[in-house]
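Engineer: Spelled out from the first residue to the last, the chains are:
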Amino acid sequence: SQTIHQWPATLVQPVGSPLSLECTVEGTSNPNLYWYRQAAGRGLQLLFYSVGIGQISSEVPQNLSASRPQDRQFILSSKKLLLSDSGFYLCAWSRTGREPQHFGDGTRLSIL
Amino acid sequence: GQQVMQIPQYQHVQEGEDFTTYCNSSTTLSNIQWYKQRPGGHPVFLIQLVKSGEVKKQKRLTFQFGEAKKNSSLHITATQTTDVGTYFCAGRNQFYFGTGTSLTVIP
Chain A
557 SQTIHQWPAT LVQPVGSPLS LECTVEGTSN PNLYWYRQAA GRGLQLLFYS
607 VGIGQISSEV PQNLSASRPQ DRQFILSSKK LLLSDSGFYL CAWSRTGREP
657 QHFGDGTRLS IL
Chain B
682 GQQVMQIPQY QHVQEGEDFT TYCNSSTTLS NIQWYKQRPG GHPVFLIQLV
732 KSGEVKKQKR LTFQFGEAKK NSSLHITATQ TTDVGTYFCA GRNQFYFGTG
782 TSLTVIP
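Quick mapping for you: the protein sequence lines, in order, are chains A and B.
With the numbering used here applied, the first sequence covers 557 to 668.
With the numbering used here applied, the second sequence covers 682 to 788.
So here's chain B without its partners, still in its complex pose (with noise of 0.2 Å):
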């Protein structure tokens, strides 16, 4: 079964205001991924980690992967209507997703 647990499992914030989700797994990952999910909408790739201590950024979107490579986080800055939906983190090989993150902004 899954070994990845997705914290918060939900989360309200002001516009304007950050956002982080937290990805950890019980056993070190190769790699890890991210998706967003938009309400009614299908899971769409943002961003693959793979080394220990990784940083991206897109835009507003920051994603970090830990230096055991057990765990991982998504940051967003001065979040927006449009960043509404779910996030995910996907490990061990990819077929396991985390149990996500669903964001709601209020304007």
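Pulled out of the complex, with its shape left as it was, chain A reads as follows (with noise of 0.2 Å):
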């Protein structure tokens, strides 16, 4: 069976720190793979999905970026992470485009 894993759960960081979350996924070969921001009480945000090794998507301009260095690993990083970075990160996998989604258990980031 597929499982996803992100990490870490919880994270508090000060403004103009760096940030890299991770999420990996395993049963399965080459999954679509997206990352979402959900702010509190809100609904999902696509930031950035892929396709493929190295194949990014950005939806949203920002001051984040993702890196997709192995096929099942989903890289979510900032040099400088700003008080509106704050938000509930989400990982998520699928076979396609079509296909359900399953998601990780979430990163909570506060920007201190």
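For the record, the hints were derived by calculation from the structure and aren't laboratory data.
Treat the hints with care, since some could be wrong.
[Said to hold, decoys possible] Take a look, some chain A residues computed to stay more than 10 Å from chain B by CB distance: (1) 557; (2) 570; (3) 610; (4) 629; (5) 658.
[Stated by the list, open to error] Pairwise CB distance ranges (calculated): (6) A:619 - B:699: 40 to 46 Å; (7) A:614 - B:701: 31 to 37 Å; (8) B:787 - A:629: 40 to 46 Å.
[Unchecked claim] If you want a taste of the chain B side facing chain A, the calculated C-beta under 7 Å gives, among others: (9) 684; (10) 714; (11) 781.
Glycine included, each C-beta is placed from N, C-alpha and C at the ideal position.
Two independent chains are provided; combine them into the complex using the hints.
Structural biologist: This is how it looks when you write it as structure tokens:
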């Protein structure tokens, strides 16, 4: 069976510090991978998605970036965090763009 | 940007009452998916609808896909406290989620 791992679960970072969130998927190959951000009490905002290694599509211009160095690894990064980067970050995978998405447990990021 | 709208944004019901959330798209959808997110948790896939006019049931939950494949609804009969959470629809290749409906069930 397939599993998705996302870490850390919570993170508190000062403004201006760098960020690296990692997501890995097991039990499948060449999945579609996604990063979402969810502000408190709000909907899901798609940040990045990837259909293959090295292929990243950005949905929202911002100070975040994503990389897919391996088939089942998806990384969300920032060189300098802003207060507005606070939120709940979710990684997800699907077999194709039309199949159900399966989410990781998420990372709660607080910027101080 | 997103083209899938959901109403209502919030709904409070007494336990035992019914609940419905609606999902509307400005364009025809190839299919639509529904997810549930419990408070503090992550979205979990519930169901996918593909055919025009399709109706699917999961116990007390009934999902419908409109004839024009531009809208969908989720109806819960006789809500229970375990139904609490936010319900999202997703369309347009499922990259884009609706705004969600947060359901509170009052015991």
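Engineer: Taking the CB of residue 787 (chain B) and the CB of residue 629 (chain A), does the distance hold inside 40 to 46 Å?
Structural biologist: holds, 44 Å
Engineer: Double-check residue 781 (chain B) for me: the hint is only fine if its C-beta lies closer than 7 Å to a C-beta in chain A.
Structural biologist: This hint holds: residue 781 (chain B) lies near chain A, its Cβ roughly 5 Å from the closest one there, short of 7 Å.
Engineer: Regarding residue 614 (chain A) and residue 701 (chain B), is the given constraint of 31 to 37 Å on their beta-carbon distance met?
Structural biologist: Given a distance of about 35 Å, which is inside 31 to 37 Å, the answer is holds.
Engineer: Per the hint of 40 to 46 Å, is the separation of the Cβ atoms of residue 619 (chain A) and residue 699 (chain B) within bounds?
Structural biologist: Distance hint for residue 619 (chain A), residue 699 (chain B) holds at roughly 45 Å.
Engineer: Just to be careful: measuring from the Cβ of residue 684 (chain B) to every Cβ in chain A, is the smallest value less than 7 Å?
Structural biologist: violated, 12 Å
Engineer: Measuring Cβ to Cβ, find out whether residue 610 (chain A) lies farther than 10 Å from everything in chain B.
Structural biologist: Holds, because the least Cβ-Cβ distance between residue 610 (chain A) and chain B comes to about 19 Å, which exceeds 10 Å.
Engineer: Please check whether residue 714 (chain B) passes as an interface residue: C-beta within 7 Å of a C-beta belonging to chain A.
Structural biologist: Holds: closest Cβ of chain A sits about 6 Å from residue 714 (chain B), inside 7 Å.
Engineer: Quick one: work out the minimum CB distance from residue 629 (chain A) to chain B and report holds if it exceeds 10 Å, violated otherwise.
Structural biologist: holds, 19 Å
Engineer: Beyond 10 Å from every chain B Cβ: check whether that's true for residue 570 (chain A).
Structural biologist: The assertion about residue 570 (chain A) holds, with a minimum of 25 Å to chain B.
Engineer: Mind verifying the non-interface call on residue 658 (chain A)? Its CB should be farther than 10 Å from each CB in chain B.
Structural biologist: Violated: least Cβ distance 7 Å, not greater than 10 Å.
Engineer: Quick check for students: does the CB of residue 557 (chain A) sit more than 10 Å from each CB in chain B?
Structural biologist: Its Cβ never comes within 10 Å of chain B, the nearest being 14 Å, so this holds.
Figure legend: structure checked against the earlier numbered hints; hints not met, in rising order: 5, 9.
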